[in-house]
Amino acid sequence: MSYSYYEVYTNAQRAFSGLGFPYGADEDAAYIITWFELYNLKGIDLFCSFIETNDEQYNYKINLFKNERVIDLNNKSNLITGPGVIDYIVSIFNTSNVSEFSLINCYDPIFLIPLLSRYIKKDIYGKILNDNEILCVVNKEKISINKKLFKKKINNTIKIILSNTPNRNQKLDIDINLIDSKKYLSVGLSPNQISWDKVAALAFKSYVPESEESRSKGAGGGDAND
Amino acid sequence: MLQQNINSLDVMTLDKMGSRYPSRLSFSRSMLRRLLFDNWKISKSKFDLNDEGFGTVVYEIFINNNIYSLVCFSQHLDSADRSDRVIAEKWDTAYSLISGKLNDDELGRLRKNVPLQESGRNSSKELVLSRANKSVRLFEHVVNCLSKGKQPDINEINKVGYLLRTTAVYGSGKFGLSDFNNTKEVTDFNQPFRAEMLAVYIIREFSVHLVEHVARKKNPNKAVKLENTIKQHLGIGNSTGLGMAPFIIKHPKLINKWMDQYTKSLTQVINKNIDPIKLSNYSKLLEKALLYLKEVTTFDEYQIKKNAKTLEDLKKFIDHIKNYNYIHWIDLINYATKNFNYDTQEIAKVQLLELYPEDSENFAEDMSDTEVMEINETQTLKELNSVIENKYSWALKVDFAKKDNNFLFWYISAAKLEPRLGERYNEDGSELEQNLGVAKMVQSLYSKIRTENLDLSVAEYLLLNPEFRGIIRRIQSLTKYPFAEVQDNILGKDTIPINMLRFKLSFFGANRYDPKSDRWLRVSFFSGAPFLSNLNKHNVDSWGFATMNSYN
Numbered sequence: 001m002s003y004s005y006y007e008v009y010t011n012a013q014r015a016f017s018g019l020g021f022p023y024g025a026d027e028d029a030a031y032i033i034t035w036f037e038l039y040n041l042k043g044i045d046l047f048c049s050f051i052e053t054n055d056e057q058y059n060y061k062i063n064l065f066k067n068e069r070v071i072d073l074n075n076k077s078n079l080i081t082g083p084g085v086i087d088y089i090v091s092i093f094n095t096s097n098v099s100e101f102s103l104i105n106c107y108d109p110i111f112l113i114p115l116l117s118r119y120i121k122k123d124i125y126g127k128i129l130n131d132n133e134i135l136c137v138v139n140k141e142k143i144s145i146n147k148k149l150f151k152k153k154i155n156n157t158i159k160i161i162l163s164n165t166p167n168r169n170q171k172l173d174i175d176i177n178l179i180d181s182k183k184y185l186s187v188g189l190s191p192n193q194i195s196w197d198k199v200a201a202l203a204f205k206s207y208v209p210e211s212e213e214s215r216s217k218g219a220g221g222g223d224a225n226d
Numbered sequence: 001m002l003q004q005n006i007n008s009l010d011v012m013t014l015d016k017m018g019s020r021y022p023s024r025l026s027f028s029r030s031m032l033r034r035l036l037f038d039n040w041k042i043s044k045s046k047f048d049l050n051d052e053g054f055g056t057v058v059y060e061i062f063i064n065n066n067i068y069s070l071v072c073f074s075q076h077l078d079s080a081d082r083s084d085r086v087i088a089e090k091w092d093t094a095y096s097l098i099s100g101k102l103n104d105d106e107l108g109r110l111r112k113n114v115p116l117q118e119s120g121r122n123s124s125k126e127l128v129l130s131r132a133n134k135s136v137r138l139f140e141h142v143v144n145c146l147s148k149g150k151q152p153d154i155n156e157i158n159k160v161g162y163l164l165r166t167t168a169v170y171g172s173g174k175f176g177l178s179d180f181n182n183t184k185e186v187t188d189f190n191q192p193f194r195a196e197m198l199a200v201y202i203i204r205e206f207s208v209h210l211v212e213h214v215a216r217k218k219n220p221n222k223a224v225k226l227e228n229t230i231k232q233h234l235g236i237g238n239s240t241g242l243g244m245a246p247f248i249i250k251h252p253k254l255i256n257k258w259m260d261q262y263t264k265s266l267t268q269v270i271n272k273n274i275d276p277i278k279l280s281n282y283s284k285l286l287e288k289a290l291l292y293l294k295e296v297t298t299f300d301e302y303q304i305k306k307n308a309k310t311l312e313d314l315k316k317f318i319d320h321i322k323n324y325n326y327i328h329w330i331d332l333i334n335y336a337t338k339n340f341n342y343d344t345q346e347i348a349k350v351q352l353l354e355l356y357p358e359d360s361e362n363f364a365e366d367m368s369d370t371e372v373m374e375i376n377e378t379q380t381l382k383e384l385n386s387v388i389e390n391k392y393s394w395a396l397k398v399d400f401a402k403k404d405n406n407f408l409f410w411y412i413s414a415a416k417l418e419p420r421l422g423e424r425y426n427e428d429g430s431e432l433e434q435n436l437g438v439a440k441m442v443q444s445l446y447s448k449i450r451t452e453n454l455d456l457s458v459a460e461y462l463l464l465n466p467e468f469r470g471i472i473r474r475i476q477s478l479t480k481y482p483f484a485e486v487q488d489n490i491l492g493k494d495t496i497p498i499n500m501l502r503f504k505l506s507f508f509g510a511n512r513y514d515p516k517s518d519r520w521l522r523v524s525f526f527s528g529a530p531f532l533s534n535l536n537k538h539n540v541d542s543w544g545f546a547t548m549n550s551y552n
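Protein sequences, first through last, are from chains A and B. Using our numbering, read the first sequence as starting at 1 and increasing by one per residue. Using our numbering, read the second sequence as starting at 1 and increasing by one per residue.
In isolation and in its complexed conformation, chain A is listed as follows:
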């Protein structure tokens, strides 16, 4: 079944809200999930895998060491911590010459990619690496991803390098051509139906059941048939 971008985003946003994500954090997390779904990278499935490991506590405290280049994410999901972390490293990048940042205990770095892609229009290009290899390269029109970035690992450490010039193209496992978003939008998004139903059930937690009284008062609308 095909869904619109609006439906996927709204369902995800309401589901995150149902999980206790505060206003704004729910929008960022929904954006991340919808971004993956738009590019056929199973965003709604990724959401479900997050649900399985989430303890339903929106716990976000992030320790900043004195060294601003190292951030400890405490193995929390980047659906929770990612937006704030990327904002933070971009702010340091913009106000100083620092361009390399280590994210320690970074459990699910895949969720950082949509956040980095938002900065392309501001000419900030990110690259994600670990000790041995390049995991993701963000360029003007293309994002290349190493499949290993999808793996979730406790105590994982990655490095993010920001630059004002586009990165050199790298041959990695997955290429996302950003211009394809129009093509995907025109045919609709096709999330896994079982996962979709799980997310919809979560979204339902953010709705208010109606009593007969609230139905009549709250809705407006009438039955006059003149």
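Just so you know, nobody snuck in bad clues.
Here are the computed lysine-lysine pairs in the PhoX-like style, where the Cα-Cα straight-line distance is at most 25 Å:
1) A/Lys-42 - A/Lys-148
2) B/Lys-159 - B/Lys-225
3) A/Lys-198 - B/Lys-174
4) A/Lys-121 - B/Lys-253
Quick caveat, the hints were computed from the structure, so don't treat them as lab data. Because the structure is a prediction, the values reported are computed rather than measured.
Place chain B on chain A using the hints.
Only chain B this time, still in chain A's reference frame:
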């Protein structure tokens, strides 16, 4: 200067938003101009109705080299099932505007889904989904008249105003429909709600085709068609509830764009010199508005009083114009602003725009905006604090310690997934409140950051306080958007939600504003607009404030 008067403080309060009228920039008006001047062609490709008017009709729309189809499904509906409420599950008629020419397979798919409305599924080919119920009284009356070879009395038409009344017109990604970003990119409908307005306009055509068909089948030998002078007064009704209100809070940049384009159009016009011919035409336009207000029917006490006051003020304004010589339009507008109610002020402005069509033409074709909101990471809390004090002083003034100022909460209903309004201290569910209380959220943030190290950057602050991401992003993103915020506390007990509805409906071009409570209302679209058969360059833009004698 009027520019100083038309600032956000003046126009974005609920009472002023609730006093707006359609203008040349309204979406129904601009759509009809494009239909005519860009030579859109519309024809019936299928008309398969039984004697009672039940069946399927398809209209094809040819724009440039593209084809679109509006499919109409008409069915029998028991009186008990006919309801204006969004919680209804059956309707007299159901519609979809789709991109492309329909084949039998697609028609079959649509027939299974479109009459179900929210419970059906749509694809990205579908641009608009709608449904409408008959105005039983007027529909039957017109059928009876026409079948006897008579025309209905226009006074009877005026009492209701429409044969069919829509209860929802969905677009922009709802229920699987094409997202607006896609519609804008791949179709000819590049302005907000343009596809929706076209659908509504053709539904109006269908309403007349339907009533004439039923009358003809009832009495083939005597039945006549509706005369233009009668049928042009028919609009398409619309019943609207709270669903529209959150849209205004959730799309602040779009709302700003609409108001900004309106204000720019007006600013261009008001600085012109008044010439006698224009002044005479202006008086006629105001007289037309006066007559329109006399003819409009409503049973809502509040609206009756409001209309009566507007009639009184508008008369005074018309008399004033006759007796004084002004050089610039701005002086007249300033006089109206100082002396008359908000409705009269608005009528003075929208009718002035009619005199100078060239000044609003381009603005009306540029009503869309990017709606992206972004965090400004490097802004300090001190700077943010200053923005709040400058731009949100209206929000800081509200005393939320008073229960009445925190009385209402907006929520999504589990039953219909639609926005609703609850009473915080009398109903359950406020813990699931939607984040629409901007004034309350701003105050909460403001009181918190004043106790923080104000040299912190927003990015640093949000690492530990992500609960403020939404409101900080909103405040930062809207700094340069003066018309983006509703500058009132919409959680207050005295909030009249339909003021927000009227604001949005005015940009849609709805008229015959008829509140049924403080939460829902009825309006008409395209009342007085020429039908396709007689649409021309002389009448395409002359139907604002249409009255019963407008067509003679």
